[in-house]
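Enquirer: Under UniProt numbering, the first residue of the sequence shown carries the number 1, and numbering increases by one thereafter.
Rather than coming from a laboratory, the hints here were simulated on the basis of the structure.
Warning: the hint list may mix true and false statements.
Ranges between beta-carbon positions, derived for each pair [said to hold, decoys possible]:
| id | residue 1 | residue 2 | range |
| --- | --- | --- | --- |
| 1 | Lys-225 | Asp-161 | 36 to 46 Å |
| 2 | Gln-292 | Glu-49 | 35 to 45 Å |
| 3 | Arg-298 | Val-144 | 16 to 26 Å |
In silico DSS-like pairs for lysine-lysine, Cα to Cα no more than 30 Å straight-line [said to hold, decoys possible]:
| id | residue 1 | residue 2 |
| --- | --- | --- |
| 4 | Lys-137 | Lys-51 |
| 5 | Lys-224 | Lys-338 |
| 6 | Lys-25 | Lys-51 |
| 7 | Lys-169 | Lys-51 |
| 8 | Lys-38 | Lys-117 |
| 9 | Lys-338 | Lys-311 |
| 10 | Lys-311 | Lys-117 |
| 11 | Lys-169 | Lys-343 |
| 12 | Lys-137 | Lys-225 |
| 13 | Lys-82 | Lys-137 |
| 14 | Lys-311 | Lys-243 |
| 15 | Lys-138 | Lys-38 |
| 16 | Lys-170 | Lys-25 |
| 17 | Lys-293 | Lys-341 |
| 18 | Lys-138 | Lys-338 |
| 19 | Lys-138 | Lys-81 |
| 20 | Lys-225 | Lys-341 |
Glycine included, every Cβ here is placed at the ideal spot set by N, Cα and C.
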Amino acid sequence: MGRKVNWGIIAAGGIARRRTLPAMKDVPNAVITGIMDKNQKVLDEISEEYKITDTYTEEQELLNNPQIEAVYVASPVCFHKKQALEVLHAGKSLLLEKPLAMNEEDAREIVQTALKKGQTAGVAMVMKHHPAHRKMKKLIESGVIGDIVSCRAQLNCWFPDMEGNWRQKKATAGGGALVDMGSHCIDILKYLLDDHVEWVFGDIGTRTFSYEVDDSADCILHMKKGATCYIDVHFNIPDEAAKGMLEIYGTKGSLLASGTIGQDGQGEVYLNQCATEGYDSNQKRKEDGLGQKVDYERENIYGRQIEEFSKAIEEGLTVSTSFEDAFETVKIIDALYKSSKEKKAVYL
């Protein structure tokens with residue numbers, strides 16, 4: 001067994017407590033050394049559950065711990081800039097929850113600081129670590145479905161008005177469904193297609209609930225290599241009504257995934273390969289189901305994320321989502337909001 005990277009956690013509740021902390025305890029090259037949260041009750045509960053003795057209520061207290069080498073920041077988006085800069089200036093490696101920042105200006109400052117400081121830094125775009133998505137990427141790269149023509153990524157949930165919830169406030173979240181779920185969809189399409197966005201068009205707003213941020217976002221992303229991607233993310237469609245669809249259509253077939261865009265690392269993928277020799281005016285739609293099921297090994301995507309990031313620290317490897325990559329996603333999100341407001345396409 002190799003050396004374990006000592007991790008600190010800033011904002012130990014929420015996604016950290018629900019997903020990342022449970023996964024980290026089983027990661028072979030990482031250990032939770034210290035946790036920080038403003039809520040003492042949360043600290044006490046997590047400390048007891050994971051047998052963590054070093055707990056803090058202030059960021060700087062955690063950063064002053066010389067044992068801690070890497071920090072996972074899982075706070076609300078409004079704190080990302082401040083906390084990211086503090087971690088970087090403390091000389092620690094940084095894994096920052098998505099999105100990178102509230103806006104392009106803040107994101108640029110974080111990126112520039114990270115480049116100057118030089119330590120390992122990345123954003124927790126966990127969908128890249130889903131083994132189904134990695135299998136899909138390999139199939140796309142093999143050319144089995146031909147040149148990519150059209151794609152769709154969908155992620156919806158039922159998220160009604162909740163008093164005091166930070167994700168429903170513009171000042172703390174920066175945006176709604178597009179920021180929270182759309183960032184994942186944008187990132188996974190960029191990853192699968194190995195492409196960049198040329199222009200966007202968005203129809204974004206609050207259609208059902210009364211909170212400040214958007215509960216609906218329907219978006220078009222035109223990629224530089226020619227494919228058109230459709231993203232629909234909503235806080236006003238029940239979880240059970242949506243399947244988290246991820247669809248990639250090419251000139252020789254398609255990859256159709258259901259339930260893979262989510263936190264549990266599950267879902268199914270189907271491959272359809274189609275003959276394209278010439279034109280047949282009598283061509284008929286295939287009626288043999290979704291296609292050939294694609295097998296993949298299930299694993300904890302949050303554990304895989306921490307394991308790969310720890311390996312990147314130890315071996316000087318490239319992280320799966322660099323700050324520069326995440327910065328591009330922030331620019332795409334800002335462009336989509338601008339497009340929706342101006343009711344026209346926006347070029348990047």
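Enquirer: Has the given pair, Lys-311 with Lys-243, been kept, meaning a C-alpha gap of at most 30 Å?
Expert: violated (33 Å)
Enquirer: Are the Cα atoms of Lys-169 and Lys-51 separated by 30 Å or less?
Expert: violated (34 Å)
Enquirer: Can you confirm whether the C-alpha distance between Lys-25 and Lys-51 stays at or below 30 Å?
Expert: holds (11 Å)
Enquirer: Verify the proposed pairing of Lys-338 with Lys-311, using a straight-line Cα cut of 30 Å.
Expert: Given pair Lys-338, Lys-311 is violated - Cα atoms ~39 Å apart, limit 30 Å.
Enquirer: Take a quick look at whether Lys-38 and Lys-117 sit within 30 Å of each other, Cα to Cα.
Expert: holds (27 Å)
Enquirer: Hey, Lys-169 versus Lys-343, does the alpha-carbon distance stay inside 30 Å?
Expert: holds (24 Å)
Enquirer: Is the straight-line distance between the alpha-carbon of Lys-225 and that of Lys-341 30 Å or less?
Expert: OK: Lys-225 and Lys-341 at ~27 Å, within 30 Å.
Enquirer: Measure nothing beyond the straight line between the CA atoms of Lys-138 and Lys-38; if it is 30 Å or shorter, mark the hint as holding.
Expert: violated (43 Å)
Enquirer: Please check whether Lys-225 and Asp-161 have a Cβ separation lying inside 36 to 46 Å.
Expert: holds (41 Å)
Enquirer: Holds or violated: are the alpha carbons of Lys-138 and Lys-81 at most 30 Å from each other?
Expert: Violated, at roughly 35 Å.
Enquirer: Given the hinted pair Lys-293 and Lys-341, is their Cα-Cα distance within 30 Å?
Expert: violated (41 Å)
Enquirer: If you draw a straight line from the CA of Lys-137 to the CA of Lys-51, is it 30 Å or shorter?
Expert: violated (39 Å)
The structure fails hints 4, 7, 9, 13, 14, 15, 16, 17, 18, 19 (numbered hints given earlier, in ascending order).
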